[in-house]
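With chain A fixed as given, assemble chain B onto it according to the hints.
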Amino acid sequence: MSEGVQVVGLYVRDQDEAYEFYVGKLGFSVHTDARNGDYRWLTVQHPGQPLFQLGLFRPQAPMHDPATVQALQELVAKGAMPPLVLSVDDCRASYERLRAKGVEFTQEPVERYGNVDANFRDPSGNGWKMIEEGA
Amino acid sequence: MISGQSPELLRRLLRAKDRMDAGSHEEWSIPRLARVSGVSEAHFARSFRDAFGVPPHRYLLTRRLERAKALLRDTDLAITEIAFVTGWSSLGTFGRTFRDVTGESPGGFRAREKKEAFHQFDRVPACFLSAAHRPNLKIAVSEKRRQDGAANAHGSQAMEVL
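Residue numbers (the working numbering), protein chains in the order written: chain A, 1 to 135; chain B, 1001 to 1162.
In case anyone wonders, no lab produced these hints; they're calculated from the structure. The beta carbon of each residue, even a glycine, is placed where N, CA and C say it ideally should be.
Some chain B residues judged to face chain A by a derived CB distance under 10 Å, without partners named:
no. : residue
1   : Leu1009
2   : Lys1017
3   : Phe1128
4   : Ala1131
Residues from chain A shown here face chain B by an in silico Cβ test under 8 Å; the list is partial:
no. : residue
5   : Lys78
6   : Tyr113
7   : Ile131
Okay, derived cross-link-like pairs now, SDA-like style, lysine to any residue, Cα gap no bigger than 25 Å in a straight line:
no. : chain 1 : residue 1 : chain 2 : residue 2
8   : A       : Lys78     : B       : Arg1046
9   : A       : Lys78     : B       : Pro1055
10  : A       : Lys25     : A       : Pro123
11  : A       : Lys78     : B       : Ser1029
12  : A       : Lys78     : B       : Pro1007
13  : A       : Lys129    : B       : Thr1075
Looking at chain A on its own, in the form it has when it is part of the complex (with noise of 0.2 Å):
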């Protein structure tokens, strides 16, 4: 077993609207989806990573209090969390590939220092930058 980082966690508004999207659309798998009451543990991986979880939590009681369950889901519906991105063999392909399946890009897949780039948003607001580096 090797080191490395294992899981990296984003905050979504709602977790089976979030692995309809990760995994319905997307095109991750689940790692682990466990439920104990109120609370459900959400990984999911890239197939191209087996070593690595993306966590698809909920901001909650009891780790956080009211208001701040209430400003963390603020500032994932303001786009403010911190920058995702995605690495792709073919930006535009899957630009069309995730267009077609209802992605919500902000950004067209645009040519810039020898890569390609898009912008695209999950229901909840966290912003993806789909990278295709060397095009």
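Just chain B, lined up with the frame of chain A:
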């Protein structure tokens, strides 16, 4: 930190911000932005400012200036051309606004930037680098002009709607 706005409303306001990001050279009237967000025209500007801390048209102006700076730095396009493609209707307004906000003329900025290339940032995706250098416009351009004008006596004449 908490604006009291619902996450659903904020998500829709974010859509208006995203659309300005994607097409900052376009005309973005309040009715057009309100439609994108599904908010009434009467409430849009206030809601946007409450959410993002800046009125929608000032936000648009910072994006236009960010793009103009990138084009000045990274291309050899004529300044007139850059003013036009970034959404200004006149070269004079572009030059004046650019100078009032950044403190230097478009030509002066270009000459200086060409000398100080950003080699150390080669590994940062270009858009994030560009966003980090977006003008941080905390007051209206007209207010900035008044302050600068009071300091050095000659203000500029025409006020921009932005």
